[in-house]
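Visitor: First to last, the protein sequences are chains A and B. Sequential numbering of the first sequence, starting at 77, is according to this note's numbering. Sequential numbering of the second sequence, starting at 136, is according to this note's numbering.
Hints are computed from structural coordinates only; laboratory data are not their basis. A couple of the hints might just be wrong.
As the list claims (entries may be wrong) - One-sided and incomplete, this derived list gives chain A residues near chain B with beta-carbon spacing under 7 Å: (1) P117; (2) G118; (3) C119; (4) A123; (5) F131; (6) A309; (7) P313; (8) Q314.
To be verified - Below are the EDC-like pairs computed for lysine to aspartate or glutamate, each with C-alpha atoms no more than 20 Å apart in a straight line: (9) A:K105 to B:E163; (10) B:K150 to A:D308; (11) A:K238 to A:D382; (12) A:K105 to B:D177; (13) A:K105 to B:E198.
Idealized CB from N, CA, C, for every residue including glycine.
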Amino acid sequence: MTAVDLPHPHLNLAGLASIPGADEPQNRKDYTSDQEVRWCPGCGDYAVLAAVQGFLPDLGLRRENIVFVSGIGCSSRFPYYLDTYGLHSIHGRAPAIATGLATAREDLSVWVVTGDGDALSIGGNHLIHALRRNVNMTILLFNNRIYGLTKGQYSPTSESGKVTKSTPLGSVDAPLNPVSLALGAEASFVARTIDSDRKHLTDVLSAAARHRGTSLVEIYQNCPIFNDGAFDAIKDPQSRDESVIRLAAGRPIRFGEGGGLGLVRDTATGTLEVADVADVGEEAVLVHDPNFADPSVAFALSRLTDLGHSGRTPIGIFRQVERPTYDDLAREQVTLARDAGAGDLQALIDGRDVWEVS
Amino acid sequence: MTYVIAQPCVDLKDKACVDECPVDCIYEGERMLYVHPDECVDCGACEPVCPVEAIFYEDDVPEEWSAYVQTNVDVFASVGSPGGASSMTDLLPDVLPQ
């Protein structure tokens, strides 16, 4: 078999370059549908919806060229509440449908709304292949570490030992780390944010939308009914300075009161460790570079979680690199094939690779 | 649209709603509490926990307290959108309806 060098037609094209702009300025109401929002009182989904409705006007795209595709779950009701195009689609298969849309229609801004159950249980396969292919879409993965719609069973991100209706003696499963999974699947944009931090959520989603390729944004989202308080340590004003590590490109990764703590490389193990900046010195603190081609450091960052030994969670953009997208390359091939002139169907059926079984 | 706190909260300030709000958008004034109209995400968590039923969806505020819709807007005129009540150190100066 042979391989060919693929063209790189849109390597430097911005994520939204092929999408028509709005004719006139928009506001939040333009993106608010007439549907009554039906989530439980206090659900984190309300906060994410408000943030998305608030920042979509700033993207300045034609509403008719935006589509939200969801799977199944509480968060997958999202498309009903946005006055854009939308599909409440098949369980776990939203990335597959979005792949088709993004490939057939380069003039669409394609979004996927999914949850930890939809994306990582039944849809795990579709998620990793969308990331691997780098299809031009933005995936919002609402992670509440529980099955909410089915009323409180453990999910693929529930912590080990968690007692739920389906694990009365405690879960014996190890949870998935969505950011680590995405980095392992060659994702070109991976970020994490928190439902209740409107500004951070907006900044991350805005960067994700502008990225060309698949953007995965894990959103820590509180389920007040079946897993209330899952992220309290990250949200509580008393503890959040210590437990949240805010990532900013080009800046030393420091956190805690007065930035007294920092992340340093453990050269013996290849991991990142939390250190007192006063002890190790400012120059030893890792400077965050999400654009670095090799994902190893981003992966090491992703291993720090509130469930792990550090008890701390990085939020922000872990990785943001440019590489060719599946849909750009596929369209380029179609164009090249068309330019080559009319094909010969019979010759294709007859084939060139003939063999005889004797 | 947003939730609104009305007259029953005045001089009471139970604050059960503050603990319940997932986005920290209920601010304390000298005499009552206020929902920030731009920071509220309409989730409705505050409404059922209020012991004196002072919280209403904007469209459902009783006629006699309708002025409180504007009160919950006006009280933030001087501070804008602080992005979280827990960051406030001072109580908001009240602008109660006459």
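Visitor: Determine for every hint whether it applies to the structure shown.
Guide: Against the structure, the hints:
| no. | hint | in the structure |
| --- | --- | --- |
| 1 | P117 | holds (4 Å) |
| 2 | G118 | holds (3 Å) |
| 3 | C119 | holds (6 Å) |
| 4 | A123 | holds (5 Å) |
| 5 | F131 | violated (13 Å) |
| 6 | A309 | violated (15 Å) |
| 7 | P313 | holds (4 Å) |
| 8 | Q314 | violated (9 Å) |
| 9 | A:K105 to B:E163 | violated (28 Å) |
| 10 | B:K150 to A:D308 | holds (19 Å) |
| 11 | A:K238 to A:D382 | holds (15 Å) |
| 12 | A:K105 to B:D177 | holds (14 Å) |
| 13 | A:K105 to B:E198 | violated (25 Å) |
Taken one by one, the earlier hints fail for this structure at numbers 5, 6, 8, 9, 13, listed in ascending order.
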